[in-house]
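Given the coordinates of chain A, assemble chain B onto it according to the supplied hints.
Here the protein sequences come in this chain order: A and B.
So for the first sequence, our numbering puts the first residue at 1; every next one is plus one.
So for the second sequence, our numbering puts the first residue at 1; every next one is plus one.
Calculated from the structure, these hints are not laboratory results.
Note that this is a predicted model, so its numbers are computed, not measured.
Using N, Cα and C, we set each Cβ at its ideal position, and we do this for glycine too.
Mixed in with the good hints there might be a few duds.
[To be verified] Cβ pair distances, simulated, as ranges:
{"hint": "1", "chain 1": "A", "residue 1": "Arg140", "chain 2": "B", "residue 2": "Gly118", "range": "52 to 58 angstroms"}
{"hint": "2", "chain 1": "B", "residue 1": "Met1", "chain 2": "A", "residue 2": "Val132", "range": "55 to 61 angstroms"}
{"hint": "3", "chain 1": "B", "residue 1": "Ser137", "chain 2": "A", "residue 2": "Thr53", "range": "48 to 54 angstroms"}
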Amino acid sequence: VIGPYLEDVLVQLGINVILALSLYFPLSAGQLSLGQGGFMAIGAYLASWLTATLGWPWPLAFAAAAAAAGLVGALVGLPALRVRGIYLVLLTMAFGEIVRVFFLNFGPTGAAQGFRGMPFVTTLPLVAVLAVAVAILAARTAASRMGARVRRHQPRRAGRRDHGHRRDAGQAGLVHRRGGGGRAGRRAVGALRAIHRAEEFGFARSVMPFTVRGGGRAADLLGIAGGGRRVDLTAGVAPVPEGVAARAVWSGDARP
Amino acid sequence: MLAQQLVNGVMLGAVYALIAIGYTLIFGVLGMLHLAHGEVFMIGAFVGLVVLTKLSGNVMLALAAAMLATGVLGLIIERIAFRPLRGAHHLAPLATTIGAGIALQETARWYFGPEQKGFPSTIALELWEMGPLRVSSVQVFILAAALVLMGAVHLFLSRTRAGRAVRATAEEPTVAGLLGVNVRAVVMLTFFVASTLAGAAGVLVGLAYNSVHPFIGVQMGIKGLVVMLLGGLGNVPGAMLGGIVLGVLEVLGVAYLASSYRDAFAFGAVVLILLARPEGLLGLRVQRRD
Numbered sequence: 001v002i003g004p005y006l007e008d009v010l011v012q013l014g015i016n017v018i019l020a021l022s023l024y025f026p027l028s029a030g031q032l033s034l035g036q037g038g039f040m041a042i043g044a045y046l047a048s049w050l051t052a053t054l055g056w057p058w059p060l061a062f063a064a065a066a067a068a069a070g071l072v073g074a075l076v077g078l079p080a081l082r083v084r085g086i087y088l089v090l091l092t093m094a095f096g097e098i099v100r101v102f103f104l105n106f107g108p109t110g111a112a113q114g115f116r117g118m119p120f121v122t123t124l125p126l127v128a129v130l131a132v133a134v135a136i137l138a139a140r141t142a143a144s145r146m147g148a149r150v151r152r153h154q155p156r157r158a159g160r161r162d163h164g165h166r167r168d169a170g171q172a173g174l175v176h177r178r179g180g181g182g183r184a185g186r187r188a189v190g191a192l193r194a195i196h197r198a199e200e201f202g203f204a205r206s207v208m209p210f211t212v213r214g215g216g217r218a219a220d221l222l223g224i225a226g227g228g229r230r231v232d233l234t235a236g237v238a239p240v241p242e243g244v245a246a247r248a249v250w251s252g253d254a255r256p
Numbered sequence: 001m002l003a004q005q006l007v008n009g010v011m012l013g014a015v016y017a018l019i020a021i022g023y024t025l026i027f028g029v030l031g032m033l034h035l036a037h038g039e040v041f042m043i044g045a046f047v048g049l050v051v052l053t054k055l056s057g058n059v060m061l062a063l064a065a066a067m068l069a070t071g072v073l074g075l076i077i078e079r080i081a082f083r084p085l086r087g088a089h090h091l092a093p094l095a096t097t098i099g100a101g102i103a104l105q106e107t108a109r110w111y112f113g114p115e116q117k118g119f120p121s122t123i124a125l126e127l128w129e130m131g132p133l134r135v136s137s138v139q140v141f142i143l144a145a146a147l148v149l150m151g152a153v154h155l156f157l158s159r160t161r162a163g164r165a166v167r168a169t170a171e172e173p174t175v176a177g178l179l180g181v182n183v184r185a186v187v188m189l190t191f192f193v194a195s196t197l198a199g200a201a202g203v204l205v206g207l208a209y210n211s212v213h214p215f216i217g218v219q220m221g222i223k224g225l226v227v228m229l230l231g232g233l234g235n236v237p238g239a240m241l242g243g244i245v246l247g248v249l250e251v252l253g254v255a256y257l258a259s260s261y262r263d264a265f266a267f268g269a270v271v272l273i274l275l276a277r278p279e280g281l282l283g284l285r286v287q288r289r290d
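This is chain A alone, in the form it adopts within the complex (with noise of 0.2 angstroms):
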């Protein structure tokens, strides 16, 4: 029914969407992650691996990966629960470079050549289903109890004091960085049919999905900004699911 070509561009903006929302939870909690790439290339690589290699049928290996770069978040969670702000921004972005560094130079996934040989999985109708179902997921998260003990930790401006108490922050940052890889892991095991070059899961990567999730005024900009091949394509459509998470971030619920 439709063309090769746009199955393609629908595939790769499905994933986006997947890779947009999982950011939505670390900024539930008021924080940035700039390390998402890091998180979807261990679920990229290591469910080709498990496919490719060991030959595991591709929806174990799918959810063993997802399970992988969750864990990975709740681990990077845990230095997360010392470091708010600017400071988390740094973390999480070394966090990407390093993984990024990592598989540049992994021997047994292809270091800089790439690693190729998984199964060609990634059809539209399954990134479509995964997109809607990670989108629910979020919505339903926000909507539910820990989702409004998570905002409270939101930072507040200035003169107001934070009202939340540390070990409930924690607890939820931890919950939610943890949410948020897995959702990046998820996403990543989207990549499974093409071969991944670590330099794919870089930093424009884990940037990519400011450009689509721009809320407020900063879409202004980044409307010129999407010169990029992905990213025109995405910022078009992406803000359609992503619209409650933006608004939430930019204007609402970051300003008590």
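What follows is chain B alone, placed relative to chain A:
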């Protein structure tokens, strides 16, 4: 061998320091990260390239033109990506500056093409042997230029009226405004100074590696953030020291450890610093604006 590596490391580190000073000035005054700063650096390199290939072979002229152009670019970025967000969530400028960075990258890619461009070597290449040390005239020029610029920034901040206004605003913008400092002008001045330093660093890196490409700013920008963190956010002398430290560490890491993992060492250091000593090496002041 070791001394030679140290010389190379200090040269690289001086360039890192120039970029990091820009980051740290802007963070100090606004409490916000400017993630398009690496792209400002890249534009500086390209302006230098255009001047050297099209106008004249004078390196000083190329430096001046690049600094002027990036200074103006910094003012534009401040106007578009920062000023509308005054009082907004402190993470909001991350989105706008990332967007500005992508726009600059794609503009450069569109205009100059995605491939590496050769940077003409305009300084007569001479090698001086000092015992076991071998220093090229290009290295000496880069180091001298970086040191002169850092000295100028230091004098500007410590001796001039405008520099004092910048420091006062960094300390406490509201009070500075109440005491008659024109905060908006200070912010614009800060962006101008920070961006000229990045532009100069772009030309110096072009001279050092003899090539530039539109995505040269991404890694440099991240390195600049690392250096700012090493020195402590908002700490100008710390950024100078942090630049030299990172440059030397990287060169030593490449020489004595696995070369392909050198970036991982730098970022591993970032993680350790963040967890153990978030106020930076000199630890003069902790910024708490989250």
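Okay, the hints, checked on the actual structure:
1. A/Arg140 x B/Gly118: 52 to 58 angstroms: Distance hint for A/Arg140, B/Gly118 holds at roughly 55 angstroms.
2. B/Met1 x A/Val132: 55 to 61 angstroms: holds (60 angstroms)
3. B/Ser137 x A/Thr53: 48 to 54 angstroms: This hint holds: roughly 52 angstroms between Cβ atoms.
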